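Asker: In the order they appear, the protein sequences are chains A and B. Taking my numbering, I'd label the letters of the first sequence as residues 48 to 346. Taking my numbering, I'd label the letters of the second sequence as residues 48 to 346.
Worth flagging that the hints you see were computed from the coordinates, not collected in a lab. Careful, some of the hints might be misleading.
Because identical chains cannot be distinguished in the list, a pair is counted as satisfied if it fits within a single copy or across any two copies.
[Stated by the list, open to error] The calculated lysine-lysine pairs, modelled on DSS-like cross-linking and capped at a C-alpha distance of 25 Å, are:
1. Lys-269 to Lys-72
2. Lys-272 to Lys-72
3. Lys-332 to Lys-240
4. Lys-317 to Lys-151
5. Lys-72 to Lys-151
6. Lys-206 to Lys-332
7. Lys-240 to Lys-294
8. Lys-72 to Lys-306
9. Lys-81 to Lys-306
10. Lys-306 to Lys-334
None of these values were measured; they are calculated from a predicted model.
There are 2 protein chains.
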Amino acid sequence: MASTSQANGTHAAPSTKGYDPTFTKRVIESMGPKTDPRLRTVLTSLITHIHDFAREVDLTVDEWIAGVELVNWAGQMSTDRRNEGQLLCDVIGLESLVDEITYKKAAEAGNLATQSAILGPFFRHDHPTREMGESITFNTPADGEVAYMHGRVLDAVTKDPIANATIDVWEASTNGLYEQQDEEQVEHNLRGKFITGNDGEYSYYCLRPTPYPVPFDGPAGKLLKLTDRHPYRPAHIHLMVLADGYKPITTQVFDVKSKYLEDDSVFAVKDALLIDFKPREGDEKAKLEVHYDLALVPL
Amino acid sequence: MASTSQANGTHAAPSTKGYDPTFTKRVIESMGPKTDPRLRTVLTSLITHIHDFAREVDLTVDEWIAGVELVNWAGQMSTDRRNEGQLLCDVIGLESLVDEITYKKAAEAGNLATQSAILGPFFRHDHPTREMGESITFNTPADGEVAYMHGRVLDAVTKDPIANATIDVWEASTNGLYEQQDEEQVEHNLRGKFITGNDGEYSYYCLRPTPYPVPFDGPAGKLLKLTDRHPYRPAHIHLMVLADGYKPITTQVFDVKSKYLEDDSVFAVKDALLIDFKPREGDEKAKLEVHYDLALVPL
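Full structure from sequences and hints, please.
Answerer: Okay, structure coming up:
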């Protein structure tokens, strides 16, 4: 691999390799005085890195055009139900990295909160509020295992329960599809919003999640195929937790027994987010249960 | 500007700033053994630089999503008559840089060829072949100045004329629009293909070009507005020259008296590509003329 950069944080100084050494500076300096300072910082770094990349690999016009076509294709496939630009970022680890950066900045106030994970492209803003303890599985498939998931929403500092916290939960069915991808599922199947009482407890019946491939028919799939990678994600449940006076959390919890924990196609797994499904006795609605507490850092 | 990189070719070693130092390595190593070696080289560099960028500026989820939306929008606006992904690259200098890289690689065989410039998004593959000396302006606007452009296609090494060379020419009208953007222009207006005879001479009547803005209604326009930049390109004529046994050339020639030579919105101007329109005597078809020889390097 002919690269002057290394991924471990050390970085050989790239030269401009005989290419015009003033070019990148000229592009950056074309930004006018009314440019927002943060945007200037972000674009200065982005333009520098993209130009350094092109010089480093002696990027050809044909290779660049292939990249432009891939990106245009991503936009053309994106709809209100699908975000292929986001998925392209996901398969090169960018959403997980940005999540790590955002989480680390949040954690500087205290390292006790539940860790975050990427939002992914299947969140919806209109989850119906359900009664605590209700089920979110309305089209339970024959190969599905129902599980009782419960725990508490806690103040990460005091460990006190948080009342009126909102928990959004969403997951795919065993066919690998979220309800908005699948005409066989009723609307809002495997989704719901739950609001805690004074005890901070939450609970619902859900499906034990199963691994599934990210959509493979667009540019992200093409990139995965070209780089000899599989599209699978390990079994996971998405959670978003909001409470007044606390930093919100977007995360995913992963079945510790799932395949693909080591090679998630979007690089989202963290050890602190592993959950363990155990047999549940005396409940005709579920043969499995899993316990997971969620801790929020005060603002 | 808080950037650890500089545009002049020196580059402070970026650290991973406390973020997971193994993350980028893991993403790169996810590429399987069947990955094409060149693709692996290109993606290793691209992923490293994009991750370094995100860490360097502490890119937030909101900023990343804004970028995804800009890129998806580019794809959604792109059609067979418009390539907004390409234009986004152009306004951050990437097409010009890739052109420089490709030109430099070609020039290693000899530094005598006519310099190249970017193709731009308005080339068509179906230019009609015209008789040498014919006009390409069929809807000459009231404010248009017709010019006689001529010169020779030469072997860059021997200086001998090249016969059977093909010259594609295309330019915008004085309203800033190419014919495929403008229902008021006949098809193939201000375009043509000319084939040289044994003397290597080429000639045609064209419009003296005028500055125009790149399309301003999409994501490239949004980026220009956000960075307090104008969208104008200096007056130019596009040329593509092909001949058997020679390296092809894609270039643009720029009116030396044009505005925006110093601040072309797509960074394509080179000194060697300046042309000077002069008064033409005794030709009722044109009051101006310009001479420019085109030199090709043998394969």
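Asker: All the hints need checking, so say for each whether the structure fits it.
Answerer: A quick look at each hint next to the structure:
1. Lys-269 to Lys-72: between (34 Å within a copy, 21 Å between copies)
2. Lys-272 to Lys-72: between (37 Å within a copy, 19 Å between copies)
3. Lys-332 to Lys-240: Within one copy only: 20 Å inside a chain, 75 Å across chains, cut-off 25 Å.
4. Lys-317 to Lys-151: within (14 Å within a copy, 45 Å between copies)
5. Lys-72 to Lys-151: Between copies, since 19 Å is at most 25 Å while 31 Å is not.
6. Lys-206 to Lys-332: neither (31 Å within a copy, 87 Å between copies)
7. Lys-240 to Lys-294: Only inside one copy: Lys-240 and Lys-294 sit 18 Å apart there, 63 Å across copies, limit 25 Å.
8. Lys-72 to Lys-306: For Lys-72 and Lys-306, the Cα distance is within 25 Å only across copies (21 Å; inside one copy 47 Å).
9. Lys-81 to Lys-306: This pair counts as between: shortest inter-copy Cα distance 22 Å, intra-copy 51 Å.
10. Lys-306 to Lys-334: within (21 Å within a copy, 76 Å between copies)
Consistency with the previously given hints fails for number 6 only.
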